[in-house]
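Chemist: Sequence:
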Amino acid sequence: MYSQNPGQSNILSQRNYLIKVRGEGEIAVQPDTASVNLGVVTEGKELIGVQQQNSLTASKVIDSLMRLGIERDRIQTFDYRIEPEYDYNQGTQIFRGYKITHILKVKIEDLNSIGKVVDTAVENGANYVANVQFTTRYKESYYQQALTVALVNAGNKAKTIANTLRVTLNPTPILVTEGGEMIQPIEFQQLAFSKGVSSTQIQPGQLIIKASVAADYNYHPIGG
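If you read the sequence shown in the working numbering, its first letter stands for residue 826, the second for the next number, and so on.
It is worth saying that the hints were derived from the structure and are not from the lab.
A few of these clues could be false.
[What the hints assert, rightly or not] As a list, the in silico DSSO-like pairs of lysine-lysine whose alpha-carbon atoms are at most 27 Å apart:
id : residue 1 : residue 2
1  : Lys964    : Lys930
2  : Lys930    : Lys845
3  : Lys1035   : Lys964
4  : Lys941    : Lys964
5  : Lys984    : Lys845
6  : Lys964    : Lys932
7  : Lys924    : Lys885
8  : Lys845    : Lys885
9  : Lys941    : Lys930
10 : Lys930    : Lys885
11 : Lys941    : Lys885
12 : Lys984    : Lys1035
13 : Lys984    : Lys964
14 : Lys1035   : Lys845
15 : Lys1035   : Lys932
16 : Lys870    : Lys924
17 : Lys1035   : Lys982
Full structure from sequences and hints, please.
Modeler: What follows is the structure, given as structure tokens:
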């Protein structure tokens, strides 16, 4: 005959009375850093000549950015490619030349200077601009705040469920699992080249930092 001691009975009872919820938390913050990809794309028939031209232009772009006060270690090569190009005439492949793409990733701390950085690079030979991204140096601190909001949200959900079921909730969860973080812009940043506008207009907007948790709460019937 199997006998169950009171401790085991209590544990099994707790396991049988569970409310499982998921909490979400998010906060909106101002970005304080940005990055942009600036590139030099050069085409021509002679590979050595195309390489030299691309290298000279890329160096000119880098020098112009450094004159703006951007440190050299904040300018790094993001991509470098040499690609043959072909035309096709009635199914025949005809060699047209080479295309060299040199893309720089530039990190910027002064968000008011992003437009000037882009314009300066273009004026000095850059013909590729993409991936303007904003972030914050204090991501971890903001994430901790969002995590707190997520846990409070989970607790409120558990209370709502318990009140609806008319049961008594243990307010301290027996298990909490962190779901992870996500950072996204509230609205997509705009990169606009317009005639008659003195500089490229780039709006940083705001960032939403999200956190989530899964939490298990014990409850027991009122009077039970």
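Chemist: All hints, please: hold or fail.
Modeler: Quick rundown of the hints versus the structure:
1. With a C-alpha separation of about 20 Å, the suggested pairing of Lys964 with Lys930 holds against the 27 Å cut-off.
2. Distance hint between Lys930 and Lys845 is unfulfilled; the C-alpha atoms sit about 44 Å from each other, more than 27 Å.
3. Restraint check for Lys1035 and Lys964: the C-alpha separation of about 11 Å stays at or below 27 Å, so the hint holds.
4. Between Lys941 and Lys964 the CA atoms are separated by roughly 26 Å; this keeps the pair inside 27 Å, and the hint holds.
5. A distance of roughly 11 Å separates the Cα atoms of Lys984 and Lys845; the hinted pair therefore holds under the 27 Å criterion.
6. For the proposed pair Lys964 and Lys932, the alpha carbon gap of about 16 Å is at most 27 Å, so the pair holds.
7. For the proposed pair Lys924 and Lys885, the alpha carbon gap of about 19 Å is at most 27 Å, so the pair holds.
8. A threshold of 27 Å between alpha carbons decides the hint, and for Lys845 with Lys885 the separation of about 59 Å lies outside it, so the pair is violated.
9. Distance check on the hinted pair: Lys941 and Lys930 sit about 16 Å apart at the alpha-carbon level, within 27 Å; holds.
10. For the hint linking Lys930 to Lys885, the alpha-carbon distance of about 15 Å falls within 27 Å, and the restraint holds.
11. Of the supplied pair hints, the one linking Lys941 and Lys885 holds, its CA atoms being roughly 16 Å apart against a limit of 27 Å.
12. In summary, the hint linking Lys984 to Lys1035 is supported, as the alpha carbons are separated by about 22 Å, within the 27 Å threshold.
13. Between the alpha carbons of Lys984 and Lys964 the distance comes to roughly 30 Å, so the proposed pair goes past 27 Å and is violated.
14. Restraint check: the Cα-Cα separation between Lys1035 and Lys845 comes to about 20 Å, which is no more than 27 Å; the hinted pair holds.
15. At roughly 24 Å between alpha-carbon atoms, Lys1035 and Lys932 fall within 27 Å of each other, so this suggested pair holds.
16. Annotation: proposed proximity of Lys870 to Lys924 holds, straight-line Cα distance about 9 Å (limit 27 Å).
17. Only pairs whose Cα atoms come within 27 Å are accepted, and Lys1035 paired with Lys982 is accepted, the gap being roughly 18 Å.
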